[in-house]
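Enquirer: Got chain H; can you put chain Z on it based on the hints?
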Amino acid sequence: MNGAFDIRGESHIEVHKFRVGAIIIATLMALVIQTWTPVHFSKAALLDLPLLVTIYFGLSRRNPSTGLLLGMAIGLAQDSLSGPTVPLGLYGIAKTIIGYLASSLGARLDTEHPAARCALTFAFFVAHQGLIVVTRRILLAQPEPWFNMHLIVAALVNALVAVFLFLLLDRLRKN
Amino acid sequence: MVAIPSRHKSLVLLAGVIVLQVLLLAVQIKRDSEGRLIRVWTVGAVSPFERAGSNGFGWIRNTWRHYFALQNTTRENEQIRRENDALKLQIAQLQGKAAEADRLAVLLNFRQSHGEVPMIAARVIGAGAGTASLTIQLDRGERDGIRKNMGVITPDGVVGKVVEAYPNASQVLLLTDKESGVGAMLADSRIQSPIGGQGEPLLVMKYVPNDDTVNLGERVITSGMDRIFPRDLPVGTVAEIKPGNPFKQIRVKPAANLERLEEVLVLPSLRPLAVKSEQNPATAQPSGPGAANPSSAAKQR
Numbered sequence: 718m719n720g721a722f723d724i725r726g727e728s729h730i731e732v733h734k735f736r737v738g739a740i741i742i743a744t745l746m747a748l749v750i751q752t753w754t755p756v757h758f759s760k761a762a763l764l765d766l767p768l769l770v771t772i773y774f775g776l777s778r779r780n781p782s783t784g785l786l787l788g789m790a791i792g793l794a795q796d797s798l799s800g801p802t803v804p805l806g807l808y809g810i811a812k813t814i815i816g817y818l819a820s821s822l823g824a825r826l827d828t829e830h831p832a833a834r835c836a837l838t839f840a841f842f843v844a845h846q847g848l849i850v851v852t853r854r855i856l857l858a859q860p861e862p863w864f865n866m867h868l869i870v871a872a873l874v875n876a877l878v879a880v881f882l883f884l885l886l887d888r889l890r891k892n
Numbered sequence: 047m048v049a050i051p052s053r054h055k056s057l058v059l060l061a062g063v064i065v066l067q068v069l070l071l072a073v074q075i076k077r078d079s080e081g082r083l084i085r086v087w088t089v090g091a092v093s094p095f096e097r098a099g100s101n102g103f104g105w106i107r108n109t110w111r112h113y114f115a116l117q118n119t120t121r122e123n124e125q126i127r128r129e130n131d132a133l134k135l136q137i138a139q140l141q142g143k144a145a146e147a148d149r150l151a152v153l154l155n156f157r158q159s160h161g162e163v164p165m166i167a168a169r170v171i172g173a174g175a176g177t178a179s180l181t182i183q184l185d186r187g188e189r190d191g192i193r194k195n196m197g198v199i200t201p202d203g204v205v206g207k208v209v210e211a212y213p214n215a216s217q218v219l220l221l222t223d224k225e226s227g228v229g230a231m232l233a234d235s236r237i238q239s240p241i242g243g244q245g246e247p248l249l250v251m252k253y254v255p256n257d258d259t260v261n262l263g264e265r266v267i268t269s270g271m272d273r274i275f276p277r278d279l280p281v282g283t284v285a286e287i288k289p290g291n292p293f294k295q296i297r298v299k300p301a302a303n304l305e306r307l308e309e310v311l312v313l314p315s316l317r318p319l320a321v322k323s324e325q326n327p328a329t330a331q332p333s334g335p336g337a338a339n340p341s342s343a344a345k346q347r
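Top line first, the protein sequences correspond to chains H and Z. Sequential numbering from 718 applies to the first sequence in the numbering used here. Sequential numbering from 47 applies to the second sequence in the numbering used here.
Wrong hints could be hidden among the right ones.
What the hints assert, rightly or not - No more than 35 angstroms apart at the CA atoms, straight line, and that leaves these computed lysine-lysine pairs for DSBU-like:
1. Lys734(H) <-> Lys55(Z)
2. Lys224(Z) <-> Lys288(Z)
3. Lys55(Z) <-> Lys891(H)
Unchecked claim - Per the computed footprint, the stretches of chain Z lying under chain H, defined by three or more beta-carbons under 8 angstroms from a beta-carbon of chain H, are:
4. 54-62
5. 66-72
What the hints assert, rightly or not - So, partial list: chain H residues that the calculated Cβ filter (under 10 angstroms) puts toward chain Z:
6. Leu786
7. Leu793
8. Thr852
9. Ala858
Since the hints were made in silico from the structure, they are not lab data. For each residue, glycine too, the CB sits at the ideal point set by N, CA and C.
The shape of chain H in the complex, shown without the other chains (with noise of 0.2 angstroms):
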């Protein structure tokens, strides 16, 4: 598997299991760094650890179904978690489309390649702002800059802790 955007056909993917509880407590690691980092560290901020725990599971579970589901609990744990200013699914719906495009991609391309994942998640992140600047300024009428260097600078932040951050994953997998 050298090629990262290698295409194949659906039966040459293999999809990954994992250990048993693996993704609920990845999941809640993640939402809890998330919540407790920027507190000491402002720029950790940058992050978005639930997004990244979305991307993962949806490019290794390779299933939609489970990867939009996957990304709905976390999407609005993450909305609970963020206050009385963000109202419920203003990330669920975000990581749920996340979640349902990161499966659905994983389904035909190897992703498994640190680049691939670095650029899927550079992707996917910058679609994922896009999806909450749209909700916030459609939906809840809220006036939200759509792109700018602060995007990118995280964007790539992101994508490069990911690379790292699905490494320390892949050890839960159960093969």
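Expert: For chain Z alone, coordinates are given in the frame of chain H:
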């Protein structure tokens, strides 16, 4: 995790989950000015269809009305045209009645302001048949108390005198007729002279010596010397002055509009009238000793 193998099912599931979360968003958000966001969204989602439906229905209705339902249009158009003509006629009649009411109001006001002086209001029902004499015919006659040689006036001024009184009608010789004449005087200088018509719109004041000063625009009033009109009734204003031999040639514009008479007042007696004039209030004040107090002047007579 619930495994849904079908890719199609996963799309449906995605759509359902998204819709649920959107609804969840809508339930939470409440705008101060617009209420619950879900209501705003619902209205926003439904109103385009309502608008489209309304526009479509309006288009169909207009199409039907403008293109298919024109069978009765011609008939209705003719009917509306007839109604329009009738309304125009009615408007003209109402305008005429309104104008008549205004004139009668002026007459009534004039009569009420001279309540002590008997007057007979009459309507002009005709004019002279020929050009040889300038006369009008009134709808009142002997049965109403009108007699020959009674003076006829309007609130504006002298009109003429009754030359014939019939049982139910009477004939009035206008002041502009050649045979007509009335005792008059200049309001400022109190120069007396008979004034008469020449068959023209302007009257002629006779027998004013060249030495006397007469000004253009000076008011001419009745002198009461003809025993027909009480004194101080407006006759007209001096419109033209020419030296003559031995008398001035003074032409006077009648105060009353003799060409458009519709209602007049007949004076059965010679009791004086204190006629108010708006043309020249300063000159309207009688300057002569006899005219200072008309009632006293009448008593003197």
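Enquirer: If you check each hint against the structure, which ones fail?
Expert: Violated hints: none; all satisfied.
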